[in-house]
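Asks: Sequence:
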Amino acid sequence: MINCILGFILVVSLGFLAFRRGLIFLQIAQQDEYAPERLIKWFIDNKAFDKKVTLLLIVALLIGLYCQCWFLPIILSSAVIALIAFTTIDPRYQAKLKLNFTARAKKIFQLYKILCLVILTTLAMLCLTLSVKVVLAILFVQVLPAILILTLKILEPGEKNLQSKFFNEAQEIVKKANPQVIGITGSFGKTSVKNALAEVLQLTLGSTFWPPAGVNTRMGITREIRERLSASYKFAVIEMAAYRLGSIAKLCELTPPTVGIITAIGKQHLERFGSQDVTYQAKTELARAVHQDGILVVNADNVLANKAGLEHQRRINIFYGLEPQPHINFLAKNIFYTFEGSKFDIEHQGNTYSIQTKLLGRAAVSNLTCVFATALTLGAKPELIIGSFANIQPVNNRLAFEKTKVEGGYVYYLHDGYNSNEEGFQSALEVMQQLPASRRIIMTPGVIELGAEEAEINQFLATKAAEVCDYVIVVGPVNKAAFQAGVDSGKLIIAATREIAFQKLFELTIPETIILIENDLSDYHEASYRF
Numbered sequence: 001m002i003n004c005i006l007g008f009i010l011v012v013s014l015g016f017l018a019f020r021r022g023l024i025f026l027q028i029a030q031q032d033e034y035a036p037e038r039l040i041k042w043f044i045d046n047k048a049f050d051k052k053v054t055l056l057l058i059v060a061l062l063i064g065l066y067c068q069c070w071f072l073p074i075i076l077s078s079a080v081i082a083l084i085a086f087t088t089i090d091p092r093y094q095a096k097l098k099l100n101f102t103a104r105a106k107k108i109f110q111l112y113k114i115l116c117l118v119i120l121t122t123l124a125m126l127c128l129t130l131s132v133k134v135v136l137a138i139l140f141v142q143v144l145p146a147i148l149i150l151t152l153k154i155l156e157p158g159e160k161n162l163q164s165k166f167f168n169e170a171q172e173i174v175k176k177a178n179p180q181v182i183g184i185t186g187s188f189g190k191t192s193v194k195n196a197l198a199e200v201l202q203l204t205l206g207s208t209f210w211p212p213a214g215v216n217t218r219m220g221i222t223r224e225i226r227e228r229l230s231a232s233y234k235f236a237v238i239e240m241a242a243y244r245l246g247s248i249a250k251l252c253e254l255t256p257p258t259v260g261i262i263t264a265i266g267k268q269h270l271e272r273f274g275s276q277d278v279t280y281q282a283k284t285e286l287a288r289a290v291h292q293d294g295i296l297v298v299n300a301d302n303v304l305a306n307k308a309g310l311e312h313q314r315r316i317n318i319f320y321g322l323e324p325q326p327h328i329n330f331l332a333k334n335i336f337y338t339f340e341g342s343k344f345d346i347e348h349q350g351n352t353y354s355i356q357t358k359l360l361g362r363a364a365v366s367n368l369t370c371v372f373a374t375a376l377t378l379g380a381k382p383e384l385i386i387g388s389f390a391n392i393q394p395v396n397n398r399l400a401f402e403k404t405k406v407e408g409g410y411v412y413y414l415h416d417g418y419n420s421n422e423e424g425f426q427s428a429l430e431v432m433q434q435l436p437a438s439r440r441i442i443m444t445p446g447v448i449e450l451g452a453e454e455a456e457i458n459q460f461l462a463t464k465a466a467e468v469c470d471y472v473i474v475v476g477p478v479n480k481a482a483f484q485a486g487v488d489s490g491k492l493i494i495a496a497t498r499e500i501a502f503q504k505l506f507e508l509t510i511p512e513t514i515i516l517i518e519n520d521l522s523d524y525h526e527a528s529y530r531f
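Using the numbering used here, the first residue of the sequence shown is number 1, and each one after it goes up by one.
Misleading hints may appear alongside valid ones.
As the list claims (entries may be wrong) - Think about it this way: if two alpha-carbon atoms lie no more than 35 Å apart in a straight line, the pair counts; the simulated DSBU-like pairs of lysine-lysine are:
#  : residue 1 : residue 2
1  : K480      : K403
2  : K107      : K343
3  : K98       : K113
4  : K307      : K106
5  : K153      : K307
6  : K234      : K113
7  : K160      : K113
8  : K405      : K491
9  : K343      : K307
10 : K153      : K234
11 : K106      : K160
12 : K403      : K333
13 : K98       : K381
14 : K381      : K176
15 : K165      : K98
16 : K175      : K381
17 : K175      : K250
18 : K480      : K491
19 : K106      : K153
20 : K52       : K153
21 : K333      : K307
22 : K343      : K250
23 : K160      : K41
24 : K165      : K175
25 : K106      : K165
26 : K464      : K405
27 : K307      : K358
28 : K250      : K165
29 : K165      : K113
30 : K491      : K41
31 : K113      : K176
32 : K175      : K106
33 : K307      : K381
34 : K153      : K250
35 : K343      : K333
36 : K175      : K234
37 : K464      : K504
38 : K51       : K106
39 : K403      : K358
Worth flagging that the hints you see were computed from the coordinates, not collected in a lab.
Taking the hints into account, I'd like the entire structure generated from these sequences.
Replies: This is the structure we're talking about:
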């Protein structure tokens, strides 16, 4: 009887552990569209194998076998397992990107709990010696990630059917509403262009539908259309993300574009696509989907976006940029930055338009030039477009400016934490260099998902940062070696976590310091869970 009670106590502690660990695995999976293969990659890359509980159970097993007494080892190990579970981070409340318990997430977690319950109930009911039960407990702890992966696989067919149903419903809504669709894609800049263009169209040409920031996947856009799109909208501005070949093509089936915008085709997500050629094929699915009588707008400064514009001729092809080229239609020049924002001119067909905006950086100038070109081509009056630019606010964490009053002056923050890339990184440094300051500090984990080129690109960016900044704080282990190679040790500060990095910032900050916070990795890339 006592052995049954001890076995039950062990199983209960394992159940609590499985619950808390499952939340973490679900949070990581949610950040990459619940793709089982991405969760497996995260698990291997982060060496997220359980060590603490496994070691604890091995010690309990050895003590029990040696002393032939199981009461104390089981009671103590169960208590410590419960304590470990209790003190484990709860991603619903504590993570950087918190676990969002959507209907899909609830369904996944419910099945995960059922599978764990079945396994643990079986373990509790089997007439086994406590030594065998401890060995099976060790095995159970190690396979917890596999249980969630199995859950994703089990639910995948039903999820695909449900998604197909919702997708078809959204297609019908789009057909009935019949807005003019402007599709936007790019390795960077697409969210900023979407928000700015939608606001400009709303103010100058008519009611405009656009999903909120960050919604750029098939099911995210499907949900927004089913919940919000109606015939009252004249335009629909849709941001289109490419997670694999066919992603954008599928989005174009949902929202057939008459206008396509390609902001850039860069090295971002090389790890995901494998090569620049595959990235190009994925992004130009939008160009191919634009109706032959439609409009294609591309960034002429970006080599591959420019190539897409030259290769996919539509009724109107527009090239915008900051560098003069023979075929460019809208050229931004005379760029000047202040703490209040940016000033620049746009030249088009012999006319010069003076622009003033609260946004900062070459990327922002490029994006607004794109918006100006698109809105003007669609029929908006230039003076109305320019007037609307004055009110556009920076997208959160995309080179957004903030100042804080301190004794002796101000501290200035440039928040550029969202989805950083090589070009944006350099653009942020350029802004930082132009603004007057007593000290310049950058805090960054570097840029990611660049495949085999990641170390080389980060070392180059580290060198550029060292040229502009008095101190370079590199956060986390992802690009630590590259920054050590690119920054003199006197300027470089290594911080294992963001909390430590902010503490270092506090220590180094003096009045009139400019602090650039460049990139902020998701928990998928940055969370250092230690099990």
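Asks: Out of the numbered hints, which ones does the structure contradict?
Replies: 2, 4, 5, 6, 10, 13, 22 and 31
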